[in-house]
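Assembly of the complex is requested from the two constituent chains, each provided in isolation within its own frame, with the hints serving as guidance.
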Amino acid sequence: MNPVLFPRTEEMLLSMVKAYPEARFMAGGTDLLVALRQKQKALPPLIGLERMEGMGDILREGDEISIGAACTLKEVASHPLTRQHLPLLCQGADSVGGPALRNMATLGGNLCTASPAGDTLPALFLLEARPELLSEKGLRTLSMEAFITGPGRTALLPGELLHRIRIPIPPNAPIQHFEKVGNRNAMAIAVASLAALIRMEQGLVTQARLAWGSVGPKVIRSSEAEAALMGKPLREESLKEAAFYAQKAVQPISDIRASADYRKKVSASLLQRLILYRDSDDKGERS
Amino acid sequence: MPTQISGNATESPSRSPMTIGLPLPRGDARAKACGREPYAADLFPENLLLAQALRSGLPCGRLLELDLEEARQIPGIVAILTAKDVPGSNRQGIIHKDMPVLVEDRIRYCGDPVALLIAENKEAIRSAMSCIRIHAEPSPGVFDLDEAMAENAPLVHEDKPGNMLAKATIQKGKPDFDACAAVVEGWFETPVQAHGFLETEAGTACLLEDGTLRMEVSTQSPFRDRLEISHALGIPFMQVHIHAPSLGGGFGGKDGATVQCLLGLAALHCPGRSVKMLWEREESFVAGYKRHACRMHYRLGALADGSLHSLHARLWYDTGAYAHLGPEVMELGMEHAAGPYRIPHNLTEGFCVHTHTPTGGAMRAFGVCQVSFAFESMMDMLAEKLKQDPLELRLRNALHRGDTNGAGVLLESSTSLAACLEGIRNHPLWQTRRQWQKEAPPFCIRGTGLAAVFNAAGYGGGVRDAAIAKIEMDVKGHFIVHNAVTDMGQGNSSAFLQIAGHILRQSAEALSLRQPDTRSAYPSGSSSAGRTTYTFGKALISACEELASRLINRAGLILFLQNDEGLVLEPGRVRHEPSGRSVSLEQLASFMSLEERVCLGQFIAPVCREVPDTSRGFFIGFPHVIFGYGAHLARVEVDTLTGRVQVKDYLALTDGGAVLNPSMFDQQVQGGVAQGIGYALYEDFITEKGVVKTKDFTTYLMPGSLDLPDILSLAPPVEEEESGPFGMKGIGEVAMNGPLPAIANALRDAGCRRIHKAPIMAEAVLGSLENR
Ligand SMILES: Cc1cc2nc3c(=O)[nH]c(=O)nc-3n(C[C@H](O)[C@H](O)[C@H](O)COP(=O)(O)OP(=O)(O)OC[C@H]3O[C@@H](n4cnc5c(N)ncnc54)[C@H](O)[C@@H]3O)c2cc1C
Chain A
1 MNPVLFPRTE
11 EMLLSMVKAY
21 PEARFMAGGT
31 DLLVALRQKQ
41 KALPPLIGLE
51 RMEGMGDILR
61 EGDEISIGAA
71 CTLKEVASHP
81 LTRQHLPLLC
91 QGADSVGGPA
101 LRNMATLGGN
111 LCTASPAGDT
121 LPALFLLEAR
131 PELLSEKGLR
141 TLSMEAFITG
151 PGRTALLPGE
161 LLHRIRIPIP
171 PNAPIQHFEK
181 VGNRNAMAIA
191 VASLAALIRM
201 EQGLVTQARL
211 AWGSVGPKVI
221 RSSEAEAALM
231 GKPLREESLK
241 EAAFYAQKAV
251 QPISDIRASA
261 DYRKKVSASL
271 LQRLILYRDS
281 DDKGERS
Chain B
1 MPTQISGNAT
11 ESPSRSPMTI
21 GLPLPRGDAR
31 AKACGREPYA
41 ADLFPENLLL
51 AQALRSGLPC
61 GRLLELDLEE
71 ARQIPGIVAI
81 LTAKDVPGSN
91 RQGIIHKDMP
101 VLVEDRIRYC
111 GDPVALLIAE
121 NKEAIRSAMS
131 CIRIHAEPSP
141 GVFDLDEAMA
151 ENAPLVHEDK
161 PGNMLAKATI
171 QKGKPDFDAC
181 AAVVEGWFET
191 PVQAHGFLET
201 EAGTACLLED
211 GTLRMEVSTQ
221 SPFRDRLEIS
231 HALGIPFMQV
241 HIHAPSLGGG
251 FGGKDGATVQ
261 CLLGLAALHC
271 PGRSVKMLWE
281 REESFVAGYK
291 RHACRMHYRL
301 GALADGSLHS
311 LHARLWYDTG
321 AYAHLGPEVM
331 ELGMEHAAGP
341 YRIPHNLTEG
351 FCVHTHTPTG
361 GAMRAFGVCQ
371 VSFAFESMMD
381 MLAEKLKQDP
391 LELRLRNALH
401 RGDTNGAGVL
411 LESSTSLAAC
421 LEGIRNHPLW
431 QTRRQWQKEA
441 PPFCIRGTGL
451 AAVFNAAGYG
461 GGVRDAAIAK
471 IEMDVKGHFI
481 VHNAVTDMGQ
491 GNSSAFLQIA
501 GHILRQSAEA
511 LSLRQPDTRS
521 AYPSGSSSAG
531 RTTYTFGKAL
541 ISACEELASR
551 LINRAGLILF
561 LQNDEGLVLE
571 PGRVRHEPSG
581 RSVSLEQLAS
591 FMSLEERVCL
601 GQFIAPVCRE
611 VPDTSRGFFI
621 GFPHVIFGYG
631 AHLARVEVDT
641 LTGRVQVKDY
651 LALTDGGAVL
661 NPSMFDQQVQ
671 GGVAQGIGYA
681 LYEDFITEKG
691 VVKTKDFTTY
701 LMPGSLDLPD
711 ILSLAPPVEE
721 EESGPFGMKG
731 IGEVAMNGPL
741 PAIANALRDA
751 GCRRIHKAPI
761 MAEAVLGSLE
771 NR
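So the sequence lines, in the order shown, correspond to chains A and B. Position one of the first sequence corresponds to residue 1 (full-length UniProt numbering), numbered consecutively onward. Position one of the second sequence corresponds to residue 1 (full-length UniProt numbering), numbered consecutively onward.
Think of the hints as simulated: they come from the structure by calculation, not from any bench. Bear in mind the structure is a predicted one, so any value in this text is a computation, not a measurement. Any given hint could turn out to be false.
Across the chosen pairs, the derived CB separations fall in these ranges [said to hold, decoys possible]:
1. E137(B) / G48(A): 46 to 52 Å
2. S139(B) / P158(A): 42 to 48 Å
3. P45(A) / E69(B): 30 to 36 Å
4. N103(A) / D67(B): 45 to 51 Å
5. L706(B) / E22(A): 37 to 43 Å
6. R37(A) / D67(B): 52 to 58 Å
Backbone N, C-alpha and C define an ideal beta-carbon position, used for all residues, glycine too.
Isolated chain B (complex conformation) (with noise of 0.2 Å):
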């Protein structure tokens, strides 16, 4: 059964209609604080098989053969799988086809599967795990970007000359270094980040009798499952029938496909029975997608009153043993290299490289919060050499609406960055910041730093942006929103509901929402890239006029009213004003057939009209219209024994359009800066020679509550974004990419050397301190 999730937000709901702009309660909140929501991992059918991949182990080498005949006498055991049982392409990716469900035989990172084990329970699969031996060749690898790039390297793909996956620039003007009268330059690097999700990769899959292949599963793109399902498996793609319940955490890790394939693959072999899949928090670790580690040569010049003038920026981000999105990861890198800056002169060149590592993909603000630790450190040095005030500097260079951006496309669409940098100035953690650094404690410097941000949002060109949304009345006069993009726990689907009962002047009450399903839902893209709240709700603000006004023509049939003059949609019921007279709606559906009861409405998001001639080797995804901003601020102190660094306050103001609900747009920057926090200061995801050393929580540290300050979240006055949902463009994102520059920025204000290189651990910031 697909389950719903109830807009009942409180015990004895007020009657009164959702209203947009307000700050309801998510509707998720009951149910997910009575841990009744239902998650994948959370799934267990009657009567269930489990399923389990085995691992390398090795980083880089051939597999010879499996000896699988001991393991597969254990009692318990109902098939082993491998290559040979794949029945179809035996390819994964998004967009790039290149990653085996099972290898056959290069392996190219210690995750890759080699075996599928199908059990009845978790012991024959530990006893059978532990009994297979692989045989396997182990070749030299490459396990960082220099090794891979080094002459004669050896290849992860065969395919893929000097382990380049792609090279791409973008040119706008023609930088000159002469011409300026400041030039800073620097090399910067960022670590390897883990989404670190509460719900693991998990799934369960059944082949019922008709040939469907049911999955219900942790994922951010139900309907493009299908796709790479069947593509990978060789089944007919309208066979295969994905539900996708809330999401325990996702943050671009469950963008692709993950436990599907396999999955799947295990269902086909064990017909009529439910098999699990739910991978450990190690294998989590290791054989999930991650954060692209990124090193970073940049150059930028400015004239003597602080105007930007040439950027020369290279980016080599290392994606791994697959593709997934490593090109695009990279390409939108680039699109935000030179900052939410105009500057005429850029010359941008990215390389995507392949090492024998876990693999890069997606994961929340892609590509670019690895060049705002660039853009806006360099920012802050350009200040210091022109003796400028970081703050007045940025805004002097900021974008408006009407400018170009670094990859020089117009911006047409609302841009607000000034009115983030102004609230910064106006701020009283911003004025009184010189004062506070006085005060500091013994053994303790303060500094403050800023960092103005910015992220697109959608996929960007060449690629179809759309949504299809479902409204639904049913007999009882209670509406159901079909949603269509997954919630991983960011809200959108309690900002479908607020959008549903805004225009149908509903209370929480009377909503409820279906969480996405490929047979009664409609394909609308995944839920990433800011993309997810925009679309599908711009989609479903249609679908759910549409509806409204069927019901007041409905009801002004009953009523026998002439026109819709003076009929209103009330809680409850549609009423006629200047009478008095109303029908209910649980009335008007016992004379509305079903087709009648069921609106769809559709949303395409806007594309750049004149693309500009400035990128080459982009496969699609260029440019991009639509940009969030954002302008952070931190204040660090460091005890000046330790290294250590603490963030004592944090200030985020964002511009994400109008604000459909506030508390629910201060989550979403709070958690964006929360894992910002993380980047800049804890997460460091290691491998050595390709084996990850980073296996669990205790060596994966993430920060927890005592780490983190209180981080205000400010919506300044901005400019609505005309093409959104109520005037509304996606932040998801962008808040990310503020902590890790204003850190480092901050902590050069209290007194470090700069550092260059994230996450800034307490050794490093120690060093910083040593003959300054």
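With the rest of the complex left out, here is chain A (with noise of 0.2 Å):
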């Protein structure tokens, strides 16, 4: 039997990643578990972080949000802070698995296994997220594009821990909008998602930023559909006109849940919904 470890401060996590260099991090366990249980095989040596200190919190650090990696979805879904000023993260964690589900996994959890439709990566991209990694050389930051490197795949090194995750807030609180696509109501993996981040100043777009999951490998951006919304009022014609950029964009595959053909369409036919948005005021408020 491999042990199960439980460090509460940095220096007992770094000697335990030391004695055991095979071990893996657990922290809900929601994915990992799932994993290993396939695999059949007997268990790696973990090391949970449910109890570590200084990584369940959620902070606000000057004009930066600062979320420790071992935070429960329902935590960042729920907690003032998140709410008050990344609604589009609160979003993208809401819409992970179920209630019960929520209360195990985390947000680290959800960045580290960098599945091309992990629900909250796309908020995290657009809301300009920067991981910070822990390792016996100390703390190192990235951005969201540079941790994650592929499906499944991240810039963590052997041993090294995803800390924090640091998120500027948003200045002029813009329309923050997220909706994700599934078989089910619930506890469904996204068949597409569509991220949006999108500043209106005297009812014309200042900024828009928008990302995709579950239609590539990693999360999709195209600056050619954010250009086309740049400068008009939110109207049909500019949102088909970044739908078609969108269709160009994305890179989906058929499975089991669904064609790449249906992904490319509702990539591109999400983005209607955000004419909800065309009366919004400068604070991103639907009127």
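This is the structure in structure tokens:
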């Protein structure tokens, strides 16, 4: 039997990593345990993160919200700071699985799994989140683009821990919209998702960020689609134009959940929903 | 020890007698809510061994050899058995004995068991599994209907040319479409559905010193299991002793042998030790029975006034690798193919086809929920063509008592479909549908759809459909109902308590129930076919009436009364009303021998007296004489950006004759509708070249609480079913048939093009909105 360890401090954690280089980190275990069960082999040593000091809190530090990697998705979705400043992330976190799962699964786990269907990832990309990594060499901070290197792959080095996720508070409270399409209303892996962060001034779009999940090996961005919205009111024509570029940008696959063709269509059509914000005021609220 | 469930419903139970027609709490509610109800999967007798089948993983081929030496050396492995170790016929199957316990030679689907591992623990099984090499010669297989029926297709069974397991027709009158004013035509397809019960296939077995093979197993057919085991393993059937605790769901999937013969085989090889088998979820998906996929072609014609005139239906059921009840499933579908309507001319042809895929078996509303999709879609297509109201069209053609149904059977039993349809006509959900449709929010369209459905109850012609009930009063004056038809969760054992309490005038705490046990109860058939409460309930009534009269007689003796006049049963006693004197049941019990305190009652379900000459190629099971009916309404919303469908409101009116317990009646309807919504919009068991792609609940999606609307169940004023207990008939299945056609019709009403294939996925709905 391999050990299951519960460090409380960084020093304890680093010494355990040293003692058991083949150990796996376990946060909520909702991805890890499923994967280990499928292997039908003996469990590797596990280093549980749930008792770690300073990994389960959500803080404001200057103009940033700093989220401990071991925060559950339930905490992320319901914390006053995230709800006020990062509704996009809350919506993403809230669409993962169901209530019981969100009480276990963590934001760090969702990032480290780096699934193309990870529901918090489009939000983290648009919010310019910066994963902070810890190892015996100290801390380093990456961009999301640098952190997620491919489907199921991250820039984490062996023994390196995702410690916190730092997210700058978006200035001037823009529209933050997330929609996930799955094959049922909960406990469903995304077939496609759209995250949008849009700033409107006097009825015109002055900033547009768009990201799609589940329609490519990583989160998909399209600068052309974003450009198509700029300087215009949110209307069917410009959203259609953006949709045209979205169709070109996504690289979906067909699998048991949906065909590539459907994913492509939906990636484009979901943009139409943004028209509901056309009369938003400068605070990003629907009127 | 056989388990007992207590009839206690509340903490401080009222002492009033249980009464038929009241929404009394279920007898198993407390035990199940507290997690105390023992299921077969929960049993861990001492000194336990585990058994697990090694499955072929190959959909089609020949088994050459198994390398077992290395695996046998693994510590903890007790035995690894192969076909050579099976002492009997090595064949199982409810009617058609074609399924090996362990494969000797031919592999017919990916879940075919090739070896049986018995071990002290899970780890040993796991290691052994990974080092057994299966030497098999793969061969080309047939994985869908087209491949199976192609010329020179490889055969699944050598004795079934063309892979045709069964072929039959029903002909009534002579269809003539030239005589019709309107004719509609269409292809329909329904998917394989999995039962998805919480408790997977499970049981424990032990070979006792006296040679008894004792088994506690999650089964819908404990008495028949003895025959299966005895035939497959070559042991005398009276030597097999089965106990069937409450099931954690069945829905048909535990009708027929699942773990029984494998477990029996394991126990025979390890005398004196208990052996347990509990299928993992993945194993259950691969090796468990499934609902038959079906392809249908329909042609339906009506006169100008909307009267149905002619039907030609062809049905192809994919029965998978083994027969199980394939022909019977097809035949029941054929018997219902014309819908619950008067139609003078009907030709229905059925084909039951083998493929190298997991075996189709029994599942709630077997055969029928497939054809319901077709005939109820056809009815709406016809209404559209005739520019008639779909509800009025159904009412015009609805079957009444005295009509002959589509299979040519004269309906002499209760038939209240019209009352169900009228209930819809008068309901606000129907009356306000156009207004509701107009109020659709942005990016959303709305529609309302109907379905009229029916489902036969009982085994049907040619099969004795009987039950023997037993009621016992113990020495304390408490009553024990010896149930003999398992309770899969549908609540029949609660109904039995209510029936016994009603007749014996006892309150819930004076009654308990023993789940089926082949040594203390009597053969009463399977828990299936909407027959459970109907058949056993009727037998129980006569047992209870006999016991009641014995108690009255004995009390009369003690109280020196010359006859029964004025003597009544009351909770805990028999009282003489005129004098107020009474004898407690405990006192009575002390005067009575065991023999006197036990009563049996039996019942044989009615059969068709004049079997019409309409069917060809049927083996058994035709025709049926009692049907439950229902009329369903679904209101759906479609998101026009994604094609996602949400059922917003659901209304089901059900004709089940008299209602014994309104809340249990509603639960059956709501459960059936939920499972039917799963069938309509979500559930799709997928194989690719015979390999299962949906082995777990992440890939096989069933609807959850957020996907289901509130389901409103109503019991309209209907005729009582004179032949049934207190006027009831079974309704466990009929609700399953409504959702798919009602939702398909609602989507059409919302403005989608008609959808012919289930489950109806968002992609198809989105496609059906293009170029409208
Ligand atoms: C039933 C079910 C439904 C699901 N539904 C969804 C869904 O709708 N959307 C979705 O996006 N996901 C879903 N998931 C996947 C999963 O729940 C999420 O990805 C979740 O966020 C993972 O978090 P966790 O804390 O459980 O991770 P764990 O399982 O503990 O870890 C996942 C991986 O990350 C590593 N890891 C975890 N934390 C760290 C850290 N701080 N530093 C370094 N490595 C770390 C682990 O070693 C492991 O390799 C579902 C899973 C299940 C079982």
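Each hint, compared with the structure:
no. : hint                          : in the structure
1   : E137(B) / G48(A): 46 to 52 Å  : holds, 48 Å
2   : S139(B) / P158(A): 42 to 48 Å : holds, 46 Å
3   : P45(A) / E69(B): 30 to 36 Å   : holds, 33 Å
4   : N103(A) / D67(B): 45 to 51 Å  : holds, 46 Å
5   : L706(B) / E22(A): 37 to 43 Å  : holds, 40 Å
6   : R37(A) / D67(B): 52 to 58 Å   : violated, 26 Å
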